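S.K.: Sequence:
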Amino acid sequence: MRASARTPLLAAAACSAAFVTLLAFAYVLGPAERIDAIALHGLATLRGPWADPLAHLFTHLADPLPLLVMLAAVLASGFALGRRRQALAAVALVGGANVTAQVLKVVLAHPRVQPALGIDQLGPEAFPSGHATASMSIALAAVLVAPARWRATVAAAAAVYVVAVCTSVLVLAWHFPSDVLGGLLVAAAFFFCAVAAVRSIPGPDRVRARSGMGLAAPPKLGEAALVLLAGLAVFALLRAEDLLAFARLHTVATATALAIAAASAGLLASAALITDDRL
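Read in the working numbering, the sequence shown has 47 at position 47, and its numbers run on one by one without any break.
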């Protein structure tokens, strides 16, 4: 094994350990289960005539068909940029993460009836979230394939997408917050394994990948992400009183949503840093 592959393998092991720990908190520890339910109940109160269409739109962007279309685009981009090993690793990452998530749903099926949810209880096959896994896996695949000069831009745009999908899943009350975090960890573990595989198998595309970094302008994903963030900032200013009232009334839900956003951004930032061309 190459020394350069050890760091991503350790990161994958850390994600796996975090997944097991999270599972124990979500299934065994009573106070953690109640916090999970309280956070979900609070976020579900955001549902309404403007929130529901947006939430459904974002969640459907992580459905199988859009996921396959995005994966095809990532694969084609990788081959066009001369990053063939990264492109093939990205396909393995997305496929492995999503199949594993669906298998884990069945294997780990467990009823979690919580008084805070009233009659709106979730089914037993919820951990980990398939939509969270799908969105994070394709986001990490894009980061893996992106050349160095584009990588930060791609990671920033991908973070907006992942946060939108994960938040929408919670607003629609399809999953507990722990399910979403579990899905993020599954995708991250496969990503780090993909990085280790790329580093362990030398290939002739290293030179072409570096020359590809000199291509003209980076994609407009970063600009689009900035526009979306600016729009969210304006919305937050216009609805500041409502947002503060929600935060005071649903403190646990607010803290949970911010934690998931931070975890998503942190994983993608780590991916951008660990994905390099020194292979």
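Please note: incorrect hints may appear among the correct ones.
[Said to hold, decoys possible] Label-pair restraints from in silico Cβ distances:
#, residue 1, residue 2, range
1, Val-20, Ala-259, 13 to 21 Å
2, Gly-95, Gly-118, 36 to 44 Å
3, His-56, Ala-32, 24 to 32 Å
4, Ala-148, Ala-116, 43 to 51 Å
5, Ala-92, Ile-119, 35 to 43 Å
6, Ile-119, Ala-72, 27 to 35 Å
7, Ala-72, Ser-200, 20 to 28 Å
8, Ala-32, Ala-73, 35 to 43 Å
Treat the hints as calculated values from the structure; they're not laboratory data. Just so we're clear, the structure is a prediction, and the values are computed from it rather than from any experiment. Even glycine gets a Cβ: it sits at the ideal position worked out from N, Cα and C.
S.K.: Now tell me if each hint is right for this structure.
M.R.: Comparing the hints with the structure gives:
{"no.": "1", "hint": "Val-20 / Ala-259: 13 to 21 Å", "verdict": "holds, 19 Å"}
{"no.": "2", "hint": "Gly-95 / Gly-118: 36 to 44 Å", "verdict": "holds, 38 Å"}
{"no.": "3", "hint": "His-56 / Ala-32: 24 to 32 Å", "verdict": "holds, 29 Å"}
{"no.": "4", "hint": "Ala-148 / Ala-116: 43 to 51 Å", "verdict": "holds, 46 Å"}
{"no.": "5", "hint": "Ala-92 / Ile-119: 35 to 43 Å", "verdict": "holds, 42 Å"}
{"no.": "6", "hint": "Ile-119 / Ala-72: 27 to 35 Å", "verdict": "violated, 41 Å"}
{"no.": "7", "hint": "Ala-72 / Ser-200: 20 to 28 Å", "verdict": "holds, 26 Å"}
{"no.": "8", "hint": "Ala-32 / Ala-73: 35 to 43 Å", "verdict": "holds, 39 Å"}
The structure fails hint 6 only (numbered hints given earlier).
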